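Protein chains: 2
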Amino acid sequence: MRRVAVLLVVVMAVAGFVAFTASASGHADQKAAPYVTQIPAGYRDWTLVSVAHEEGNLNSLGAVLGNDVAIKAYREKTLPYPDGTIIAALHYKNTPSAENDKVFGRDQSFVAGPPTNIQFMVKDSVKYAATGGWGFGHFSPDGKPADAAFMSPCFPCHEKVKNTDLVFTHYAP
Amino acid sequence: MRRVAVLLVVVMAVAGFVAFTASASGHADQKAAPYVTQIPAGYRDWTLVSVAHEEGNLNSLGAVLGNDVAIKAYREKTLPYPDGTIIAALHYKNTPSAENDKVFGRDQSFVAGPPTNIQFMVKDSVKYAATGGWGFGHFSPDGKPADAAFMSPCFPCHEKVKNTDLVFTHYAP
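Heads up: the protein sequence lines correspond to chains A and C, in order.
Counting from 1 along the first sequence, just add 1 to a position and that's the residue number in our numbering.
Counting from 1 along the second sequence, just add 1 to a position and that's the residue number in our numbering.
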């Protein structure tokens with residue numbers, strides 16, 4: 002979910018399983034933990050969870066949205082998140098706004114520039130049992146999903162925030 | 002709408018009207034152009050328009066949301082925005098996330114901290130005729146509206162972006 006995921010090294014959750022399938026088929030990544038390969042319908046109309054900004058190489062502005070199940074769980078502080086929860090992170094390039102800065106009279110305003118990616122966390126405790134009950138998804142702006150190798154760091158990174166059921170983003174009032 | 006508004010000097014749209022009411026009643030601000038004094042119901046569930054970040058003294062992270070009329074107009078590029086349009090800007094303190102930075106291994110992650118204010122633009126070409134058809138609103142996190150003096154810079158600032166019907170925020174895909 003978090004763009005931090007893409008920076009981290011691959012650590013498979015079920016290493017034994019991967020080792021087995023690798024030796025059996027020679028195509029380990031085809032048997033890797035399942036992840037989200039289709040963009041959930043209607044996500045752009047979901048409710049705001051919060052906003053986020055990453056400096057450094059990512060240099061991003063992001064909005065995190067949730068479907069109805071997610072928002073209800075966030076607002077009622079339900080943990081773990083119930084099956085059916087979907088959280089979306091829409092990332093854009095953090096881009097100076099010349100138009101706004103002109104009105105301000107100084108350089109301080111940043112807006113959403115071109116989209117960089119859309120990420121999802123889909124809770125399905127059966128389908129995604131190998132990754133904490135969460136399916137992770139990452140799509141380029143043209144809707145193309147990332148491959149298994151790209152997705153494999155998601156779970157080990159999110160696993161570091163077990164106290165919030167692997168979810169980094171907190172609800173903003 | 003934009004937090005930039007609060008930084009600018011008062012320039013009333015109908016200076017003659019204000020001068021008249023000031024001399025007649027001694028309470029100019031009671032007769033100032035109308036602005037939004039009640040928080041529109043349900044705004045927190047509206048659809049995302051875009052995200053924004055201000056550096057400098059404001060040091061804010063913001064989400065801009067729109068009601069159904071607003072979102073339809075944004076997506077269909079309808080200008081001017083029709084009556085019934087409401088745009089909300091939710092502002093939070095741009096706050097470093099120690100939790101995220103720990104996972105990243107470096108200081109780069111900023112999240113929505115405490116809310117600082119909520120601002121609205123309400124389109125009603127009759128009620129708000131004196132301010133370009135837009136009613137501006139600014140509320141502290143406890144829901145208290147700003148007073149007329151505080152609100153008076155909104156219109157002259159927004160008037161600088163006439164080509165987008167006084168709306169600064171563009172729709173993010």
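In short, the hints are calculated from the structure, not lab data.
Note that the structure is predicted; figures quoted are calculated from it, not measured.
Any given hint could turn out to be false.
When chains are identical, the list treats them as one kind, so a pair holds in a single copy or across two.
List of simulated lysine-lysine pairs, BS3-like, C-alpha gap at most 25 angstroms [stated by the list, open to error]:
hint : residue 1 : residue 2
1    : 78        : 103
2    : 94        : 78
3    : 163       : 78
4    : 103       : 163
5    : 163       : 145
6    : 161       : 78
7    : 73        : 103
8    : 103       : 161
9    : 128       : 103
10   : 145       : 161
11   : 145       : 103
12   : 128       : 94
The hints, checked one at a time:
no.	hint	result
1	78 <-> 103	between (42 angstroms within a copy, 23 angstroms between copies)
2	94 <-> 78	between (31 angstroms within a copy, 22 angstroms between copies)
3	163 <-> 78	within (15 angstroms within a copy, 43 angstroms between copies)
4	103 <-> 163	between (45 angstroms within a copy, 14 angstroms between copies)
5	163 <-> 145	neither (29 angstroms within a copy, 37 angstroms between copies)
6	161 <-> 78	within (19 angstroms within a copy, 43 angstroms between copies)
7	73 <-> 103	neither (41 angstroms within a copy, 28 angstroms between copies)
8	103 <-> 161	between (42 angstroms within a copy, 10 angstroms between copies)
9	128 <-> 103	neither (51 angstroms within a copy, 30 angstroms between copies)
10	145 <-> 161	neither (27 angstroms within a copy, 39 angstroms between copies)
11	145 <-> 103	neither (37 angstroms within a copy, 30 angstroms between copies)
12	128 <-> 94	neither (33 angstroms within a copy, 38 angstroms between copies)
The structure fails to meet hints 5, 7, 9, 10, 11 and 12 from the earlier list, while all remaining hints are met.
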